[in-house]
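*Asks:* Given chain A's structure and the hints, the job is docking chain B onto it.
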Amino acid sequence: MKRQPENRIFYGLGLVLTLLSLGFWSGLYENHLYFREQTQLFQFTFDYLLKHLQTNGGMAIYAGEFFTQFFLNRFAGAAIITLFLGLVVGLTRKLLCHFSENRAWDMLAFIPGVSFFFWLCNPFYYFSGVIALLIALTASLIFLKIMEHSRPVSLLVIILPLCWWLAGGAYLILTGIAAVVWLRSKPLPKLQNTFSTRQKIGGVVFLLLFSVSFPLAFRHFLPINTLLQTFVSEAFYQIRVLFPLALVILFSGIPVFLYLVSLLPSGGRREKIFQIQLGLLGGLFLLGFYSYTKTVNWQAEREMEFDYLVSKAKWEEIIHLADYRQNLGPVARQALNIALAKTGRLSEKMFHFSLGEESMFPVYERKGMTPMIASEPFYQLGLVNFAQMMAMESVESTPDGRLPVRAVKRVAETYLINGQYEVAYKFLVLLKHTLFYRKWAVKALTALPSEEKMNSHPDWGEKRKLMPREDFYYNHQQMQVALLYLLRSNAKNQMAYEYLMAIYLYRRDLDGFLKFLPMAKNFANQELPLVYQEALAYINTLLPDAAKPAPSNEVSTAVESALEEYARAYLNGGKNEAGRMKKDFGKTYWYYLHFGDNE
Amino acid sequence: MNRKKFLYIFLILLSVSCHRSEIREASEEDCFPPIFPDLNEVTIPPNVAPLNFLVEGGYEQLKVELTGNNGRFTQYFKGNKTRLDPSKWQELLHNNSGQSIFIRVFAKEQKGWKKFRPFTISVAREPVDDYLVYRLIMPGFQTWNNMGIYQRQMSSFKQETIADSRLLPGTCMNCHTFLQNDPDNMVLHLRENNSGTVLRQNQQLRKINTKSEGTFSAAGFPYWHPSGKFVAFSINKVKQVFHSTGPVRAHAIDMNSDMAIYDVEQNEMFSSDVLMSEQAFEAFPCFSPDGGTLYFVSSKSGSLPEDQHEMKYSLCAVSFDAQTKKIGAEVDTLISAAVTGKSVSIPRISPDGRFLMVCLFDYGNFPSYNPESDLYLLDLHTKAFYPLELLNSPDVESYHSWSSNGRWVVFSSRRMDGLYSHIYIGYIDSDGQPRKPFLLPQKDAAFYSTFLYSFNLPEFVVRRVDISAIDFERTAKESSAEQLRFDNSH
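So the protein lines, in turn, are chains A and B.
Our numbering numbers the first residue of the first sequence as 355 and each following residue consecutively.
Our numbering numbers the first residue of the second sequence as 303 and each following residue consecutively.
These are computed hints drawn from the structure, not numbers from a lab.
Ideal placement from N, C-alpha and C gives every residue a C-beta, glycine not left out.
Treat the hints with caution; some may be incorrect.
Where chain B lies over chain A, by a calculated footprint (3+ residues, C-beta under 8 Å) [unchecked claim]:
1) 577-584
2) 743-751
3) 820-827
For reference, chain B alone in the conformation it holds in the complex:
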C-alpha cells in the first residue's frame, strides 16, 4: 500500500516537473489569447464571482497566472476552460481593489505550450450590490412554458428561484421592480394564469388587480416613488409583428399607452391629463430620487401598425408632489424626438439624480428587437446627452438599471448572437463616463453557448430577496386580487 502511494506521488511530481519545463519553453504569441467572454480591459467590482473564460481552439491544458500589485495566483486547468478558485479570486480582488490585474494565459496544444500576451482587468473600488434579479425565458414568439424570476448572488454563482413556472404553471411573470434596490419593497406583475400585481412591503405580500374602470388594461412597467408610498405604472396595449425575413424576427408595437400612479396605502390609482393624453402615448415612468419629478417617454399617437416607423418617443418630465398627489400640468421635454429623429425609451435615473440612462433607437418604445438600440446618458446637470460607446454594441442594448451606489449599471444585450439577451455589467464613473463592461460570469465558461434562455430585466438589489417561494405561490394563487380604485378627481 505504502509503495503504491509513493509511486503515485512520484508520478505526480514527475508530471508536474515535466509540465513546468515544457511551459518554460512555451512559444510566445504576440497577441491576446482568443478568449470568451471578452475580458480584456474590462472593469469589475471587487466582489464579483470569478470571471471564468475559455480559450477558443482545441487546447488540451491551460495555465493561468493572475497577478496584481498585491498578490497573485496561478492555476492549471485540463481542457480549454478555466474554473478559477473562488477564494483565491476573492482574495486577489479584495487586495487589489482600485488597481489592475494582469492575466497571462498559457495554452497547450499538440505541438506544445503557447504563451499569450497578458490582458488586464481593472478592479474598481466600489462594490456592486450583493444580488441581481432577472427573469429567464426562452426567446420565443407568443407562447412559453417555462420561465421564472431568479436572484443571483454577485459574489458567487448561486442562483435561487423567486417564482417560476413549476410553482405557477401557465403564469407569465415580469416587471419585477424594487424601490431603490431594496428587496423589501418589490412589485411583480403576473399575467395569464393567476394574473395580478404582487406587491411586497413591510414583509407582507399583497395581490392587486390593477385593471380598473379608469384604465384600458392592467398596469405594467412599474417604478417606485422613493417614499415607498407610490408606484408609477404605464398601461400598454402591446402587439407583436413577425418579420418574414432577416435576423430580426419580431417587433413589439405599443398600440396605445397611458400612465398612472398607484397609491399603495390607499389602494388607489390616479392620473392626469398629461399622463393620459388622447393625443399622445405615454410610457416607462421613472421617479427622480427626490420624488419630485416623474420622467417618462411620450410620442404623438398614430395609426398602428402602419405608422410604427413614425412613432418616435421623446423623454419628458412632469413635477409630482407626494404630499398632495398633484401631478404637474406642464410637460418638460428633455430629449425631443423631433431633434434627435430617434426614439427614447426606458429612462432610468442614477441614485444621485444626476444621470438619466435611456435607450435610443429608430422608432417605437420597445427597444428589445431594434438592433440599432444603444444606451445613452443624459447629464441632468450639464444637459449633455451622449452615447455610452463602451457599453454599446452593433446589436440591441435594452433594459438597464443602476446599482445602489450609482457606479454600476446592468443591462441586457443581444450582442452575442443577435437573439438571446444576456446580462452585462458596466462601470460608470462620477463624471458619467463608462468603462468596458463584462458579461455576467458563470461557473462554466461555455455556459452561454448552450443555454436556451434569455435574461430579462436585470435589477440589482442590496440584499437577498427573502420571500419564501411558497408564500409567493400562495399569494399569486389567491383567487381574488384586491381591486384598486381609480380616482378620477385628478
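Looking at chain A on its own, in the form it has when it is part of the complex:
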C-alpha cells in the first residue's frame, strides 16, 4: 500500500522517536529504570489485584506496577516504555481521525507520547500514568465509535465512572472529548447526530456536572482518599498531596486540541499540509527541548548507576567507574567507600578520590526518603541492626507508601541474620509472590528454621561472624565507637578496621591512628597501605630527632622521597597555593592534612 506524503512524515518521525526511545532507555538512562523497579513490590496474588481494584485508578496502578517489574532488565524496560508510548501516539492519532480528515494534524498525536517520555525521566511520575492515559484514550474511542450510531447518554453514565475507576484522573480526557463531540456533533467526520444549541449547552453542562459529582458522591459514601486523590488517583504522581500542572494541561489539552482541529478546514493543498507538518514538527522539537531541560537529570542518573552497582555488589565496576567520573555525588562517594573497603583498598586509595568522612556513613535524618544505599555500609560492616534500621526507614519513607522491593529484601536479610525468623517470614512471603525475587525468597524460606544453613550461608553466615557482641547505641557522630566494638568482636573484620583508620585520618586524630596501626599487620600482606605510610611518614616529621623511631621498612623510600618533595613545595610558596599543591599532591594524605578543609 502506498503511503501518502503526510503519512510518510508521520511514520518517519514515529520511527525516529522509537529508535531514540529504545536507545535512551536501554543505554543512556537505564538506571532510572532500575530505580523504578526497586521502589515497588508487585505481587502476583489475587489479593493484590483486589486491593488495587478497590481504589480509583487502581487498575492503571496495577498494570503499571506489573510492567514496571520488568524494568529490572533495561532492554525489556526500554521496549515496554517505547511500545506503550507508541500506543499512546497511535490512539491519539485515531482520535484525531474522528475530528479532522486533514492528516497534517496527525503530528499533534505525538504530543502526549513525547510529554510522557520526558515525564518518565522524573521518578515522581509513574509509568501507570501512561496506562491510565491509554485506558482513557481507548474509552474515548469506544465512546466515539458508539456515538456514530446513537446518542449514548446512558453509555456515558456508565463509561465515565468506569473510566474514572480504572484510569483515575485521565477520565477527564473522556469528559472533555465527550463535551467536544456534543458541541460539534454532525460536522465531525463519521457522526450523523445533530443537536440544537439548547441540547448542546445542556449536554455539556450535564457532562461537567456529572463528571464532578460521581467522584464526590463516592467520597461521601466511601471516604478513602483526599479530595484531590478522589479525582485524580495515585496513578500519576508519587506525591499524594500534589498533582502536577503539566498533567492538568495534558488532560485538558487533548480535548481542546481536538476541538480546535475540528474547526479547521479538513482539506488543503499538499504544500500547505507539508508546511503545517513542518510547523508542528518544529513545535514538537521545542516541546521536547523544553521538557528535556526540565526533566532529564544526568546527575541523578549517574548517582543511580552507583547505587545500582552497590545493589548488585559489583565493587570492581564501582571503582572502575569512579576512576573516570568527575565530581562524584554523595551516593557515588558512599558507593565508592564501600567498594574500596570491600576490596581491601580503602587504605590505599581513599585520597585518590575526594571522598571525605561524611561519605562513609549516611546521615540519619527524617527528611525525604531514606536512600536505599543508606543501609549498605552498616550491612557490609556487620552492623546488622543499623542496616535494618536504615532499610526499614527506606521502607517507611517512600513518598507513596509503597513497599520498595530492594529495602524489603534487605529487611528480610537482617531478620534472618538476627535469627528472628518469624519476622523474616513476613517479608519473605511478600518476595515469594514476586516474579523476579521468588526464587531467592523460596530458597531463604527453605533455610529458615536451620541455624546450620544460616551459618553456612556465604553472606548471612559471614555477617553473623562480623556482628558486634556487645550492645551500644547508634550515634552518627561517634561511628568510630561502633567500629571499635566491631573489631573487639572480630579482629579480622578488615572493613571495620579500614573504616576506623579512615575516620582517624579524616579527623587528623593521629594518636588514634598510631594506636591501632599495629593491627594493620593482620590485614596487609607485605607492606603498609600507602595512606598509612604517608601518615606515618608525616608523623615522623613531627617528632624530635631523639624520639624518632629507628629506621624501619614501614615507610617505603618512595613515600619518604615524595614527602620531602611535598615539604619542599609546601615551604616554597605551596602553603598559599592550594591549586598547585592539589595538582601535584592532591592524592596524598599530606595534601588532605593541610588543605582538606578547603575542599
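*Replies:* For chain B alone, coordinates are given in the frame of chain A:
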C-alpha cells in the same frame, strides 16, 4: 442437563460418604492439635467473632466439631485453616454462655485422617464491648508513611477507618482515648502535618493546640475525667535510642515529663507543683471512676540517656476536686520503685474503681520495648499487688485498657515474634483473677503471619465511633487549632 445434575449430586454424595467412613477410621492422636493461635482453655466473651485457627502441618482437610451443652455444629474445611460459620458460631456461643465448648479437630494428611484430643474454650457470661479501636502502624524506627486509627466490630471481622494516612498524609496519629468507653467523648492526638489534638464532644469536633507557654511540648497520653469536663495529659519529651545488637532494637526514653489537666469548657490547662515538679518526671495520668483521685507514675529526674537504667517510676496518686479544680498537694505513693526495684507505667483503673492495672518492667516509662514488661494488678481494696500470670508472656506486654463492664481487658503484646504488637483480650473475674487470653480473631487464621502492621493502643468502646471520616479530615486540616490558655494560678 438433568442427567448431569444427577451425576454431580451422586458424585458429591459418594465423596461425602467416603469421607465419613475415612474419618471414622481416623487414627487417634494423644495430644491437642498443633493450632495457631493457641485457643486451648481460653475464655471468650459470648459476642466475639469466630476464633478461626490453623492446624500446623501440611494437612489437606479439616473437620472441626464444636460441642457445648446446648448445641453443637460441625464444619469441614479444605486445607489447614478454619473459617467458622459466623451465624452458627454466634448461636453456639449464645446458647452456651457461662459454659465450656469442646472443639475436636480431625485433620487429613496423605496417610489418612488424624483425630486430636478435644480442647476447650470457656464462654463467659459477660459480653465484651461492641467495638475495639486501635492504631495500625508498621513497627519502624522514626519514619512512617502509612498508619491509621481503626475500629473493629468485636462480633465480626469488620474494620472501619476513623482516620488514616490516605486522608491525612504525613500526619502521625495516636493517643485515641475515650471517656469510660464512650465513643461520643473522644480525644486523638495528631503530630507532624496537621498537628493538634482533636477533641470530640456533643457530636462536635474541635482541634486544639495543647502546646502553650506553660508547657515545653504539646500534650499527649490523655485520660478523661469521668465528668467529661477535664482531660489529664502528660507532656513528654521522648527520645529513641537504637541498639546495635540483639532482638530489642530500640528503646524510648522520656527525657522530661510533666502533667497538666485540660478544662474542656474553658479551653484552659492547669497544673500544680506536684504534677510539674522540677525534681521528678510525671507521666501517664489516670482518673479514678469517681473523679476524686488522679493516678500517675513518677520518677526522680536524672541525666539522660546515661541514667536511663536508673529511671524507675513509682505509682502515685493525688486528690482532685472537679468543682474547684484543686489538685492535692500530698502525693500518695501506692507502689514504690524503691521497694519493687522496678518501674511502673500505664496505670488503668477498672470501671468499679477496685483494680489498677499497670505494666511492671526494669526501667523507664515506655514498656513497649522492654521484653520483661508484664501486666500487674493492684487491688485498691486489699492493696495486694500481683502479676497477671495468665496474661503475661516472656515478651512485652504493654498498653492495656478495660471494657465498660470491667470483666475484659485488652492489651498489646509482642509475644508472637518479639517485634509486632498484637492484641490479646483477657477475662478478669470479680476477684481480680485473670483467665487465659485470646488473640484478636481474624477471618484468615494465617493473617498474622504476613500482616506487616502493629496494633497499638487498643481501647474498647461501647458503640461504633460514628465520626464521618470527611468531618474528621476537615477538622484535622483546619489550619488554625484553638490555642488553649495555660492557667498559672494553681
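*Asks:* Now look at each hint and say whether the structure bears it out.
*Replies:* Hint-by-hint comparison with the structure:
1. 577-584: holds (count 5)
2. 743-751: holds (count 6)
3. 820-827: holds (count 7)
Comparing the model with each numbered hint stated earlier shows that all of them hold.
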